[in-house]
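Residue numbers (the working numbering), protein chains in the order written: chain A, 196 to 767; chain B, 548 to 806.
These are calculated hints, taken from the structure and not from any lab test.
Every value quoted in this text rests on a predicted model; they were computed, and no experiment measured them.
Virtual Cβ for every residue (Gly too), placed ideally from N, Cα, C.
Each hint should be verified, as a subset may be incorrect.
[What the hints assert, rightly or not] Here are some of the chain B residues that sit facing chain A, going by a computed Cβ distance under 7 angstroms:
id	residue
1	L581
2	N799
3	R800
[What the hints assert, rightly or not] List time: in silico BS3-like cross-link candidates among lysine-lysine, alpha-carbon distance up to 30 angstroms:
id	chain 1	residue 1	chain 2	residue 2
4	B	K590	B	K612
5	B	K626	A	K440
6	A	K246	B	K668
7	A	K593	A	K555
8	B	K736	A	K751
9	B	K636	B	K612
10	A	K401	B	K628
11	A	K293	B	K632
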Amino acid sequence: MKYIIGVSAFYYESSVSLIEGDKFVEFLKEESFTRIKGTNVFPKLSLQFLKEKYNLTDNNVVACVFYEKPFLSWSRLTFFSMQKPFKRWKINSSQFKKIWAGGFLFSYFVKQIIPLKTNKILYSPHHVSHALTSTLYDNYKKTNGSDSKLIFVVDGVGDGETFSIFKMNKSNLSRIYVDLFPNSIGLFYSTVTDYLGFNINEGEFKVMGLSAYGKPVHKDFILENIINWKNNKIDINLSWFDFDKNPERSYSQKFLNYFGNTRSKSDLTNLLSVDFRKCADIASSFQFVLEYLLLEITKWAIYKTGIKNIYFSGGVSQNSLAMSKIANINEIQSFTVPPSPGDAGAALGAANFGYHVIYKQFVNSTPLFFSNNFKFPKTNIFLDYFESFDKLNNNIKKVAKLLLTGEIICIFDSGSETGPRSLGNRSLICDAKQTSVVETLNYKIKGRESYRPLAPVILKKHLKKYFNSDTKYEHNLLWMGLTVKAKKETILNFKSCVHIDGSSRVQVVLDQNLILYQLLQETTKLGNDILINTSFNFSDEPIVFDYMDCYVSMVKMQLKYLLYNEKLYLRK
Amino acid sequence: MFKNIDVRKSTHEQKTRTFLDFSYAEFSSAIEMLQAAKLTNNKNLSKGFIDHSLDEFKHTSFFLKSLDTFLANEHYNNKYKFDTKFVYKLGFINSNYFLFTRYTLEEFSMFIAVNESQALKLFTKIKKLNFIKDIKDQVFLDKIISEEKEHLLLMKKSENFINEYNDLLKDEKKHVTLSTNFSKRNLTKFYYKFLNFKFLLINKLRHLFSKNKKINGLINYIISIIIIILIYPLKRYLNETEETEKVISFSNRKSKLML
C-alpha cells in the first residue's frame, strides 16, 4: 500500500493526515498527544504514531506534503516589513527568528522520524491546502450543484495571502482573486478578539457569541474609516491596527482612543452592566462588518463566474454565524464549509495536493471520524479508575434514562472527530430540556462564559420539527458547521441551547453507527428528541484522546459516568 | 517544569508576572507528569504520576484564580494572558521532547525532586514575603470602597485563599518527599549528588536562556540589524505584486519548491 502524508505546523494546531491508497485513513492533531491546546510545534508525536501504526518507510510513502510554501510565506511578510524596517522592527525581528525555527526545516524534521528521500518532500500553497480540504466532503451533500466549484479561502494570513477565490473544474484548479497581507479580514476580526481580551485563534468564537447581545452601533464608522470592499479589493486602514508592526498586540493606540481602553476581567460577568453592553456592541459591529464584507465578496464572485456551488475554508470560515448568512444567499445552490476549515484541517488539503501531484486527480471524500486513532497508554489501569456500572447489555437504555434524570454523561467511543467540535465520540451530553443541568454543565463544569449557549444534537428526521433549514446546506449540520434559526416552540422549550438571537449551532445525526444515534433513538422513545452535546474536555484543554485523559478530565470536572466503547462505567 | 522565579520582585507588574509564571510552571509539571503516566510500563508509577499530575493541575487553577483576583478590576493586558501554547516559548516545556522520554526513571525522579523542592522553597518564600497579605490588603481596599455585603464575600474569599495555599504547600512537600526518597533508594550517593547539582544548574541556565529578555533582545537585535543591512539595498524591489488570476500548478517540479 502507498501512503501520502499531509502536515500542518508552526502556526496554530499542528496536525498530520494520511492517505492510504486513495482514501484518507488518519487525521491527528498534535495537541491530542501533548495535551497543550493549540500546540504549534512540528507534529513529531503524531507522525511517530503514524509511522509505528502503518510501518511508514521510504518504500511505501510516496509523498510528504507541507501545507504551505515556507520561503514564499517568509519572504512576503519579511519584504513587507522591510519596506519600513524600523517602524516594523518587532515584526522583522520575529520573521528573522523563523529562518531557523519554522517551515524551512520541514524536510529535516520529517527525516528525523521517517528517513524519506528529499524528492518526496512537497510543498502545497497555503490557500490551496485550505481549498482542497473544503472539497473533501462532497459525499455528504444532498444537492450536487454543478461540476464547477467556487472555493473561498479566508484566513488571517498564509503564504502572505489573506483572501483567495478559486474555481475548480474536475481536476483543474485556478485562482480568480487574491488579496495579500496586510489587507486581511481575518486579522481585522482577530484584532477585536485581542482587544476584547480573548486569545487570538481561540477567542473568535467568544466574540461571535458575544455579538448577539449587542447592536452594531459602530458599523458605519468601521466601514467608512477602518475597512471596506472598494473597487473589488479589500481596503484596510492600517493606522487602526498594530498587527503589521507588533506580533504581540493587534490594535493600535488610535483604536484604543476611539473604542476606549481594553475591558477588565469583570466586565463580562454581568450581562446587564454598561461595560458588558459596550463590549457586546463592539463585538456586534465587527461581526456585522465581517458578514457584510463576506456577503459582498461572495455575491461579486458568483456574479463574475456564474458558479453557484460554493465552498468556504480558512480560519474565518469557523465563524458559523457569518457562514449561515452566506449559505442563505438566494443564488447559492449548494454550500459547504468543512468540519475543520482552520490550519489543522489544512493537513488534509496538503495531502490532497500531494495526491494530485502523483495521480493527477483529487480525493473527493473523507470520513468524519477516523477509527482507532487514539493511543492507549502503555499500562492498562483503566479498571483501577473505573468500575462497570451494569453488567447487563442494556447500557444505551440505561444511559438514556440517566440523562432524563438530569445526569451528565461522558462519551468516549471509537474514532475521533476531525474538527474542533465533538460530534458524539468525545462528548459530554445531557438533557436539553433541563435548563439547570445545562447551565451547570456550561458554566460550572466547563467554565464557559455565560453568554455562550451549548449546542443541541438531534436526529435528522426531527430537524425540521424544531429548526428552520434548507437542503442546500443541511449536510454542514452533521459537523455543526453552521447555525440555523430555532422555531418558536424550540425557543420556549429548549432555552438552554438557543442563543439570544434565536440561532442554534445544531448537530444533526444521520449515521446509525454512531452511539449518539442510538442514544437519541432511546431518549426519543422516552419523550425527548434533543440532547446537549459539548466537547469532552476541561476548559482550555484539548479534547480527550485516551482513557487517562478521560479520567483526568472527569476528576477536574467532577463527573462520574463514562460511556466507554458502548459500556457504561462509574469513575471510582 | 519549574523554573527559578525571582520572588523578591515587588512591583504590581512583577507580582502579576510571578503568579503567571507559577501558573505556567505548575501547568507544565502537570503535563510532564501526565506524559510520564502514559509512557511508563509500571502500573503503580503510572498511578502515582496521574495523582501528581492532578495535584499540579489543581495548583494551576489556584494560581490562575489568584491572578484573576489580582487583576479583577484592571484593563486587559496581553502580557498577562495565560495561553498554554506559551509553555514552549517561555521554556517551561521543551518543544522537542518530554522529560520522561529523555531521562531514565532515576534521573526523571531526581529532576522532579529538584524542581519540587525549588517550588516548595519559592512558595514558602512567597508566603513570608507577604504576597498573600498584599492581595488581602487589596481585597480590603476594595472592600472599603464597595458595599458591606461584597466586603464580607471577598473576606471569605481571601480566607479560602490562605487555606488553599497551605494545602498546596502540603502537596509540594509530599511530591518532594516521594521523588527524593525514590531517587535516594535507586541511586548511589555520589550519583544522587551529581544529578542534584546537574538539574539545579540546568534549571538556572534554562531560566537564563529563555527568560532573560535582555540577552534574548540583544541577540535578536544584532541578528536583525545584520539582516536589515544586508536586505536594505533591495528595498525598492521589495514592493511585491501578485497576479490575481492564475492556474494552480500541480507539477512535480514546482511542488518541490519552497517558493
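Which earlier hints turn out false for this structure, listed by number in ascending order?
-> As far as the earlier hints go, 3, 4, 6, 7, 8 are violated by this structure, in ascending order.
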